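Chemist: Protein chains in written order, with our numbering: chain A, 1 to 340; chain B, 1 to 340; chain C, 1 to 340; chain D, 1 to 340.
No wet-lab data here; the hints were simulated from the structure.
All figures in this text were calculated on a predicted structure; none of them were measured in a lab.
Be aware that a few hints might be false.
Intra- or inter-copy, both count: the list cannot distinguish identical chains.
Stated by the list, open to error - Cut-off 25 Å, straight-line C-alpha distance, at most; resulting in silico cross-link-like pairs (SDA-like, lysine to any residue):
| no. | residue 1 | residue 2 |
| --- | --- | --- |
| 1 | Lys251 | Asp312 |
| 2 | Lys325 | Gly212 |
| 3 | Lys90 | Glu329 |
| 4 | Lys325 | Ala340 |
| 5 | Lys5 | Ala211 |
| 6 | Lys99 | Gly147 |
| 7 | Lys325 | Val56 |
| 8 | Lys251 | Val204 |
| 9 | Lys90 | Gly190 |
| 10 | Lys5 | Ala113 |
| 11 | Lys4 | His271 |
| 12 | Lys99 | Leu6 |
| 13 | Lys4 | Pro29 |
| 14 | Lys99 | Asp191 |
| 15 | Lys251 | Gly172 |
| 16 | Lys5 | Ser104 |
| 17 | Lys90 | His271 |
| 18 | Lys4 | Asp109 |
| 19 | Lys251 | Pro261 |
| 20 | Lys90 | Arg15 |
Protein chains: 4
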Amino acid sequence: MSGKKLYFGIIGAGRIGRVHAETLAFRLPQAGIAAVADVNREAAEALAEHCGIPRVAASAAEIFADPDIGAVLICSSTDTHAGLIEQAAKAGKHIFCEKPVSLSLQNIDRALAAVEAAGVKLQVGFNRRFDSNFERVRQAVTSGEIGTPYLMHIISRDPAPPPFAYLGPSGGLFLDMMIHDFDMARFLMGDEVEEVYAAAGVMVDPAFSAAGDFDTAVVVLHFRSGAIGTIDNSRKATFGYDQRAEILGSKGKIATENRFPNQAAVSVADHVYSDPPLNFFMQRYTDSFALELQAFTHAVIEDRPTPVTGADSRVPVVMALAARKSQDEHRPVRLDEVDA
Amino acid sequence: MSGKKLYFGIIGAGRIGRVHAETLAFRLPQAGIAAVADVNREAAEALAEHCGIPRVAASAAEIFADPDIGAVLICSSTDTHAGLIEQAAKAGKHIFCEKPVSLSLQNIDRALAAVEAAGVKLQVGFNRRFDSNFERVRQAVTSGEIGTPYLMHIISRDPAPPPFAYLGPSGGLFLDMMIHDFDMARFLMGDEVEEVYAAAGVMVDPAFSAAGDFDTAVVVLHFRSGAIGTIDNSRKATFGYDQRAEILGSKGKIATENRFPNQAAVSVADHVYSDPPLNFFMQRYTDSFALELQAFTHAVIEDRPTPVTGADSRVPVVMALAARKSQDEHRPVRLDEVDA
Amino acid sequence: MSGKKLYFGIIGAGRIGRVHAETLAFRLPQAGIAAVADVNREAAEALAEHCGIPRVAASAAEIFADPDIGAVLICSSTDTHAGLIEQAAKAGKHIFCEKPVSLSLQNIDRALAAVEAAGVKLQVGFNRRFDSNFERVRQAVTSGEIGTPYLMHIISRDPAPPPFAYLGPSGGLFLDMMIHDFDMARFLMGDEVEEVYAAAGVMVDPAFSAAGDFDTAVVVLHFRSGAIGTIDNSRKATFGYDQRAEILGSKGKIATENRFPNQAAVSVADHVYSDPPLNFFMQRYTDSFALELQAFTHAVIEDRPTPVTGADSRVPVVMALAARKSQDEHRPVRLDEVDA
Amino acid sequence: MSGKKLYFGIIGAGRIGRVHAETLAFRLPQAGIAAVADVNREAAEALAEHCGIPRVAASAAEIFADPDIGAVLICSSTDTHAGLIEQAAKAGKHIFCEKPVSLSLQNIDRALAAVEAAGVKLQVGFNRRFDSNFERVRQAVTSGEIGTPYLMHIISRDPAPPPFAYLGPSGGLFLDMMIHDFDMARFLMGDEVEEVYAAAGVMVDPAFSAAGDFDTAVVVLHFRSGAIGTIDNSRKATFGYDQRAEILGSKGKIATENRFPNQAAVSVADHVYSDPPLNFFMQRYTDSFALELQAFTHAVIEDRPTPVTGADSRVPVVMALAARKSQDEHRPVRLDEVDA
């Protein structure tokens with residue numbers, strides 16, 4: 001690591017911006033934070049105070065203009081991601097951007113073109129790839145431990161729906177929530193999906209219907225290899241964050257359980273019980289958030305490719321668009337139908 | 001139980017016939033076996049010797065004619081089930097028949113009409129309903145323990161493909177193997193399926209392709225309530241019999257693990273390991289085979305309805321035919337399309 | 001197995017007599033029951049009716065005199081065991097006797113001498129050796145899977161104290177309850193104990209104090225090899241039968257969990273729970289009761305040594321006497337102090 | 001937390017000093033490090049570089065003299081602890097000291113007297129109290145969840161023996177390794193031990209014998225309440241760090257499992273396996289090391305009692321001395337025999 005240090009500018013001081021700022025400030029010796037900007041200046045100031053960030057910038061532009069800043073962390077709202085990536089790339093900054101880059105393939109393509117033209121590094125925030133459970137599943141496939149994959153299942157459920165205000169511009173279940181699982185499916189299997197079939201509904205809260213969205217869904221994935229997968233999403237799992245994956249292969253299977261706050265079991269007259277799984281994505285994925293930033297920081301300092309590439313940021317959006325089309329037209333939809 | 005005893009005639013002395021004969025001979029004090037018949041007389045004689053059955057009948061007809069026999073156990077090949085049910089019903093015998101009754105809805109309907117006309121009792125061998133794991137899942141739904149069901153998953157994998165000779169007249173993956181899971185889905189959810197989407201392939205052995213069959217499949221179930229389910233079938237799970245179910249509901253979830261021969265875990269330098277799950281359906285479901293016959297015997301002696309009815313024998317066949325049509329036409333298929 | 005069948009006479013028609021009778025009647029094709037006797041004739045008659053036993057004998061002597069009876073099953077109260085073994089041996093019957101043979105080493109020695117003189121086979125009812133969990137632990141030691149044993153722990157707790165009437169002639173915690181665990185320690189380790197240290201108390205119910213007995217105990221075992229073990233006994237485990245063992249060795253450890261009625265886990269808002277372990281020793285050890293009789297029956301028919309020998313019936317009594325002495329004198333006690 | 005910050009001086013830049021320094025530098029916003037000293041100046045310099053510590057002090061005395069330093073972290077070798085506590089107390093510094101304070105009760109008493117005279121705060125590094133598993137066990141006792149404790153077991157095994165050089169001045173198994181478990185027993189049960197019985201041996205490596213030490217031990221604890229406990233220590237658990245506790249009480253039991261790097265299980269033809277438990281105490285107890293410093297920092301800033309007191313630092317040493325005496329004299333030993 002040669003003692004070099006990478007200074008970040010943070011754009012967006014909301015919930016996820018704070019998570020990343022804490023990682024950079026307190027857990028990554030190789031990283032520093034030079035400045036933070038947010039459309040809500042108070043939020044930026046509070047974060048600066050909390051993490052010892054020396055400067056609150058008036059705008060993203062001010063951050064792009066700062067020559068001491070080597071990389072930007074884009075944690076603003078989804079609709080601003082693609083444009084900020086373009087500007088950051090033009091300013092020669094390396095870029096870590098929250099997912100998804102955009103709900104529009106055109107915008108994504110423009111952003112990726114700008115990144116390529118500038119020769120900067122881009123990593124998208126698919127943090128779950130850095131979770132030790134899912135890394136272990138991936139490893140079981142790459143090492144041949146379970147042989148050729150036949151069947152794959154991802155279960156990914158939130159403890160409770162997000163505030164409805166947040167749902168508006170998010171793009172709905174497929175683009176906001178299942179996007180992580182579309183990425184995970186590709187990552188775990190090391191294979192590409194050719195076709196999807198979506199079965200979605202509203203079971204949790206009729207407000208999702210009113211918003212033209214869904215709260216419960218299964219999507220079937222037809223992989224190139226012939227393997228078949230499913231993704232199960234629900235906006236409500238009363239017991240906590242339900243995050244699991246399993247793959248059956250020609251030699252065996254690998255399956256992961258949830259993560260729990262402790263390994264204690266109580267046995268009383270009526271039953272044996274344990275505390276429920278971790279309840280909040282920031283607890284559940286604490287380490288993965290730190291590890292993705294560490295990987296990005298090392299990739300920049302050592303000039304190596306980032307582990308989640310521009311292409312990785314695009315395909316899950318194609319999958320989400322195909323899933324939505326499948327749901328709307330009630331038929332399986334090939335990815336090339338939405339990405340001609 | 002008043003001391004009455006029910007005498008059975010067994011038709012079919014193959015693998016499953018032997019399982020049932022042992023239950024009647026050694027585990028069910030209220031049941032006796034009067035005679036056994038098989039097209040292979042040697043098999044019938046061996047079974048009679050093993051279980052102390054007093055008579056080897058020359059034919060099924062001889063069994064139907066025996067006035068001391070109160071119930072018949074039909075364990076012959078699938079294509080003979082419906083015809084034997086009709087004859088048994090006309091002879092006034094109560095009937096326990098292995099699944100499926102027939103691959104043809106017409107034949108099933110004729111058999112069920114004969115049963116109804118004769119006023120005899122019929123139970124179909126969906127033994128897995130009597131497994132303590134799946135009973136517990138059912139109970140979590142009926143008791144309201146997990147609230148309103150949202151999502152259901154059944155995983156049902158054989159350790160290895162059956163001999164190919166056996167596959168011929170069996171009707172293929174959907175009618176031979178997944179038929180159990182179609183029944184299980186209805187049983188667990190207490191709900192009916194309106195539409196299915198099948199994604200099947202050949203991953204295990206190309207011989208399945210040659211036979212026009214599949215060895216790997218996911219079927220999506222659209223329930224009347226709006227709930228969504230999946231069934232995962234594979235002809236090969238190297239580690240043993242993989243039999244699990246889970247349901248997510250508005251109040252929580254219930255999930256079952258496989259069954260293991262012991263509860264010992266060994267920890268050595270490289271890993272923590274345990275013996276693989278039970279490997280053979282007759283070990284895995286030992287208790288359920290005994291319990292289904294006990295339930296049937298009690299239902300006959302006490303003149304109560306059987307717990308798996310004629311209707312329960314028909315719907316899974318409709319589901320299997322719809323799944324096959326869905327696979328062939330690559331689209332979701334409503335059950336009323338194959339059962340107008 | 002050559003078609004030979006072994007006919008038993010049962011002495012004692014109480015709880016454990018009934019368990020064994022059911023095994024012989026319904027689960028062991030090679031065994032038959034010729035007669036049953038009990039000081040309470042009604043109990044014997046009820047058992048005869050339940051299991052189809054052709055004759056109720058007036059006395060044990062009548063059973064010993066029956067030339068068709070090849071083996072006797074001694075399930076009467078502990079104080080009668082040694083005397084009945086002597087009589088049975090003199091009558092040339094093979095003997096399966098419930099544990100312990102006697103609370104007095106003199107009586108045991110006289111009974112074992114009679115057995116040896118008569119050349120009959122003797123097996124004592126240490127059924128837990130036939131439990132698949134404990135067999136697996138034993139196998140991990142004999143196979144070298146965990147290397148040289150260093151430390152061993154047995155936990156053995158009853159769901160609730162037995163009726164106090166039963167406790168009187170039983171010999172107390174060490175001789176009635178822990179006797180199984182003393183046998184298990186020798187069986188699992190394949191090693192002999194040289195010295196014990198007992199720490200016992202009354203935590204559950206003061207009535208045990210009044211009876212000069214204990215309800216809670218830990219005994220430390222000093223094995224010949226230098227390995228160290230503990231046994232934990234409690235008369236009360238509200239959640240069910242708590243039966244576990246673990247051994248740490250030079251290569252790793254093996255540990256067993258309890259047995260549960262199903263493998264279902266329910267996750268709700270407050271916790272994840274499952275049904276409690278099996279609650280009654282006859283459920284918990286169902287298979288082991290059948291397997292020990294099967295092993296005995298096969299040993300007799302095939303003229304092989306029984307798997308639990310006369311010596312195995314004696315040493316645990318020595319261990320129990322030493323443990324009691326250790327508790328009374330509050331110091332470690334060598335086995336040779338009580339068995340000079 | 002009022003924005004106040006507590007500045008530490010670190011004495012001892014070895015393995016555990018580094019763990020604590022990283023916590024203070026990167027994970028505790030309320031803490032800062034003003035200086036570090038070590039008898040090996042290079043080690044101190046390396047740690048200062050790694051954690052951004054502004055000053056390397058020439059001696060502990062230089063740290064005690066620094067008015068900006070509010071608290072000292074004593075991570076030097078055990079034989080220096082008591083003396084440094086005295087000096088720190090006289091200098092008015094709050095003190096966090098690694099365990100044990102001393103192997104001599106006289107030295108401990110002198111150190112505690114100095115702390116009391118100075119009115120400074122002292123916390124001893126029994127970090128395991130802050131582990132979420134053991135906290136959950138403690139909570140089950142204090143909340144009454146498992147009723148009155150009857151039996152307690154602690155299993156605490158190292159993956160491999162420490163370097164022999166390290167063993168010399170450490171005081172041996174009871175004072176170096178089991179000291180943590182003596183503390184844990186008191187913490188979990190909320191009860192005091194009156195008497196101990198030790199059974200220790202050398203199974204792992206004869207070098208322990210040569211050093212007059214042990215590598216394998218069971219100690220029985222007689223609690224005031226009448227409850228009975230055991231501690232199991234081994235210097236070698238090939239599979240990783242083996243750290244568990246369980247308590248049986250009048251209402252039920254609580255038991256903890258080890259911690260694992262992931263929650264993935266692989267099923268193949270021969271067995272089901274998972275990765276071994278965490279292997280190194282610094283991985284296993286990462287969070288607890290951070291939490292104990294956090295608790296200390298908050299206690300100082302908010303002027304509240306520390307959660308591990310001076311008395312807590314003394315009793316485990318008494319227990320260790322009694323255990324050693326029990327082993328040497330081969331009899332149970334009361335704590336007041338070594339602490340008259």
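Chemist: Each of the hints needs a verdict: does it hold here or not?
Modeler: Results of checking the hints against the structure:
{"no.": "1", "hint": "Lys251 <-> Asp312", "result": "neither (28 Å within a copy, 36 Å between copies)"}
{"no.": "2", "hint": "Lys325 <-> Gly212", "result": "within (13 Å within a copy, 31 Å between copies)"}
{"no.": "3", "hint": "Lys90 <-> Glu329", "result": "neither (40 Å within a copy, 50 Å between copies)"}
{"no.": "4", "hint": "Lys325 <-> Ala340", "result": "within (14 Å within a copy, 29 Å between copies)"}
{"no.": "5", "hint": "Lys5 <-> Ala211", "result": "neither (46 Å within a copy, 48 Å between copies)"}
{"no.": "6", "hint": "Lys99 <-> Gly147", "result": "neither (31 Å within a copy, 33 Å between copies)"}
{"no.": "7", "hint": "Lys325 <-> Val56", "result": "neither (43 Å within a copy, 62 Å between copies)"}
{"no.": "8", "hint": "Lys251 <-> Val204", "result": "between (38 Å within a copy, 11 Å between copies)"}
{"no.": "9", "hint": "Lys90 <-> Gly190", "result": "neither (32 Å within a copy, 59 Å between copies)"}
{"no.": "10", "hint": "Lys5 <-> Ala113", "result": "neither (28 Å within a copy, 47 Å between copies)"}
{"no.": "11", "hint": "Lys4 <-> His271", "result": "neither (55 Å within a copy, 38 Å between copies)"}
{"no.": "12", "hint": "Lys99 <-> Leu6", "result": "within (22 Å within a copy, 38 Å between copies)"}
{"no.": "13", "hint": "Lys4 <-> Pro29", "result": "both (10 Å within a copy, 23 Å between copies)"}
{"no.": "14", "hint": "Lys99 <-> Asp191", "result": "within (21 Å within a copy, 38 Å between copies)"}
{"no.": "15", "hint": "Lys251 <-> Gly172", "result": "between (38 Å within a copy, 24 Å between copies)"}
{"no.": "16", "hint": "Lys5 <-> Ser104", "result": "neither (35 Å within a copy, 48 Å between copies)"}
{"no.": "17", "hint": "Lys90 <-> His271", "result": "neither (61 Å within a copy, 50 Å between copies)"}
{"no.": "18", "hint": "Lys4 <-> Asp109", "result": "neither (32 Å within a copy, 49 Å between copies)"}
{"no.": "19", "hint": "Lys251 <-> Pro261", "result": "between (32 Å within a copy, 21 Å between copies)"}
{"no.": "20", "hint": "Lys90 <-> Arg15", "result": "neither (27 Å within a copy, 46 Å between copies)"}
The structure fails hints 1, 3, 5, 6, 7, 9, 10, 11, 16, 17, 18, 20 (numbered hints given earlier, in ascending order).
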